[in-house]
Amino acid sequence: ILNVEQSPQSLHVQEGDSTNFTCSFPSSNFYALHWYRWETAKSPEALFVMTLNGDEKKKGRISATLNTKEGYSYLYIKGSQPEDSATYLCAFTSGSARQLTFGSGTQLTVLP
Amino acid sequence: DTAVSQTPKYLVTQMGNDKSIKCEQNLGHDTMYWYKQDSKKFLKIMFSYNNKELIINETVPNRFSPKSPDKAHLNLHINSLELGDSAVYFCASSQVLQGTYEQYFGPGTRLTVT
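For the protein sequence lines, the chains are A and B, in the order given. In terms of the numbering used here, the first sequence opens at residue 1 and continues consecutively. In terms of the numbering used here, the second sequence opens at residue 1 and continues consecutively.
Careful: at least some of the hints might be erroneous.
[What the hints assert, rightly or not] Facing chain A, from chain B, some residues (calculated, C-beta under 8 Å):
no., residue
1, Val12
2, Gly16
3, Tyr33
4, Phe42
5, Ile45
6, Asn51
7, Glu58
8, Phe90
9, Thr100
10, Tyr101
11, Gln103
12, Phe105
13, Gly106
14, Pro107
[What the hints assert, rightly or not] FRET-style restraints, in silico, Cβ to Cβ:
no., chain 1, residue 1, chain 2, residue 2, range
15, B, Leu83, A, Leu111, 35 to 41 Å
16, A, Leu52, B, Lys52, 39 to 45 Å
17, B, Ser86, A, Pro8, 24 to 30 Å
The set of hints was computed from the structure by calculation and includes no laboratory data. Quick caveat, the model's predicted, so the values are computed rather than measured. Glycine residues also receive a C-beta, built at the ideal position from the N, C-alpha and C atoms.
Modelling step: build the complete structure from the supplied sequences, incorporating the hints.
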């Protein structure tokens, strides 16, 4: 059983604040780490896929880092906007599995 | 233009019935999946299907069976529906061979069993 844990479970921030959340995953047999954005009543959409230790990815105000040796990834949102409100999921793929194991997500609410 | 489509979007049915949910992807991906969103909003893998190889999550009751007529389609058939089967079911696809497993999700099917 692969455990993927995310924290915090939920988060409320004011518009304009910067924020970050954590995903921890098994550090052995790593293949890829994914971040997804999941808006209410929609389906998850991929933000980033990271495969190398030290990877940093950026898309607009959102960025992510990866540490495969210690088994964690951070997602950062700079200058949060109300439209950033969503659940952010991370998912882990091991070298031996052909599927993703999802964390429970961090539910972000950005207050105007 | 829809990459991964599911039908129906909503399904309301009675206990004991048999129902199917259809999924199609036009991305040319080699692997398709079914996920169940549980009451705590976890996404749990049910099945993945790659080039006629089926990988099953063993916690899934055998009343659930995936059927893949070709690599662009993976349908989910459920026999003898139970109240606890009520959930949102998501289909997804990804490219596994020389790919990153990035999942492209369908819009979900909300199943309600009464």
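Hint-by-hint comparison with the structure:
no. : hint                           : result
1   : Val12                          : 17 Å, violated
2   : Gly16                          : 29 Å, violated
3   : Tyr33                          : 7 Å, holds
4   : Phe42                          : 6 Å, holds
5   : Ile45                          : 5 Å, holds
6   : Asn51                          : 11 Å, violated
7   : Glu58                          : 11 Å, violated
8   : Phe90                          : 6 Å, holds
9   : Thr100                         : 5 Å, holds
10  : Tyr101                         : 5 Å, holds
11  : Gln103                         : 6 Å, holds
12  : Phe105                         : 4 Å, holds
13  : Gly106                         : 6 Å, holds
14  : Pro107                         : 5 Å, holds
15  : B/Leu83 / A/Leu111: 35 to 41 Å : 37 Å, holds
16  : A/Leu52 / B/Lys52: 39 to 45 Å  : 32 Å, violated
17  : B/Ser86 / A/Pro8: 24 to 30 Å   : 28 Å, holds
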